[in-house]
Amino acid sequence: MKENLFSLDGKTVLVTGASSGIGKETAIMCSRMGARVIVTARNADRLSETFGQLNADVDGHAMILADMTVKDDIDRLLSELPALDGLVLCAGNSTTLPLQFGSRDKFDSMFDVNFFAPVELLRLLYKKKILAKGASVVMIASIGGTHSFMPGNGVYGASKAALNSIMKYAAREYSSRRVRVNSICPGMVDTPLIHRGTITEEQLAEDCKKYPLGRYGRTEDIASGVVYLLSDAACWVTGHDLVIDGGFSI
Amino acid sequence: MNIQEFLENFAEQFDDTDAEAFAPETKFRELDEWSSLTALSIIAMVDDEYDVIIKGNDILGSETIQDLYNIVEEKVQSKN
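Residue numbers (our numbering), protein chains in the order written: chain B, 1 to 250; chain G, 1001 to 1080.
Bear in mind the hints are in silico, worked out from the structure with no lab data behind them.
Check each hint, because a few of them may be wrong.
[Claimed, not checked] Pairs of lysine-lysine, BS3-like flavour, derived with a Cα cap of 30 Å: (1) G/Lys1075 <-> B/Lys106; (2) G/Lys1075 <-> G/Lys1055; (3) B/Lys209 <-> G/Lys1027.
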C-alpha cells in the first residue's frame, strides 16, 4: 500500500482553464501534491504565470495554449498530450441575466463553453485512449446546477446541470476501463468570474451571509476536493457530485 | 436612441408600477417594486436594446432614470 493515499506522486494530470481561478489553484496544488501537470487555457500571459508557479521539484510539467471551443486547438492538444492519469475540466464561464432575457444565443454561448467543450474533450481523450486505465476525471460543476443559488443564474445553472448529468453517464460507461468520473459543485468562490460588476460588491457582501460557514469559498477549498478525487484515496468513488459550498445547500 | 424610448424600455421591466411613474427625473431605486432582480433586468435590457454593457455600479451610481440614460448614451456614442 502506498504510504500516502492522498499523494499524486507519479500521476500526470491535465487541467483546463488553468490560467485563473479554480483551474489555476488546482494546477498548482496538484503539482505540490506530486503530480506532473499539463496546463491549458487561452491566454498565454496568464497561463505562463500559472506554469511558473508549478512545483519545480516535479519534472515534465507542460503548458499548451488552446481554446477548448476551437476544433483545431483540440486536435493539436490531443496530438501533444501524453497518457493521462487525471483530467480536471475547469474551463468555464458564467453569465447573470434574468431568464426572460435568456435567448437561444445566450444559452448557446454558455453551453458551448461550459458543456459542449469539456464533453467533447473528455469524449476524445477516452476514445483515443489518452486517458489511461484507472484514470480519474473531475468536472467543475456548480450548486447553480442543483439549486437556484442566485437570481439570474438560470442559463449558467442549466449548463452545469447538464455537465453533472453527463458526469454520471460517463462514470457508468467508463468504469469498464476503471476510469472514475466525478464532479465538484462549488458554492460561490471568490474568483475573477464573480467580480465582473453585474452584481455589485455590496450585493456580493450581502449574499455571502447566506453561507453558514461565514464566507465565500476560496479556490483552494475546491482544489483540495479535486486532489482528493484524483488521488488513490478516492479509488472507489465514481459518479459522485461533491458539494463544497460552506453549507449553503444544507 | 432617445429618452422616451428608453423610458418605455425601462418601464417594461416592472410589473406593478404605473407607466406614469416613469419620467426622466424618477428616482427609480426608490420605487416600491425595485429589487436586485429588476437591476439585472435593466442590465440585460440595455445589452439587448443598445448593445452596451452597464454594470451594477452604474445603476447604484444613478439617482434618476435620466442619469442612467446618460451613462448608456455615452457608452453607445463611444462605441460608434
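Quiz item: Straight-line Cα separation of G/Lys1075 and G/Lys1055 no greater than 30 Å?
Solution: holds (12 Å)
Quiz item: Taken at face value, is the distance from the CA of B/Lys106 to the CA of G/Lys1075 at most 30 Å?
Solution: holds (22 Å)
Quiz prompt | Hinted pair B/Lys209 and G/Lys1027, Cα distance within 30 Å | solution = This hinted pair holds, its Cα atoms lying about 28 Å apart.
Comparing the model with each numbered hint stated earlier shows that all of them hold.
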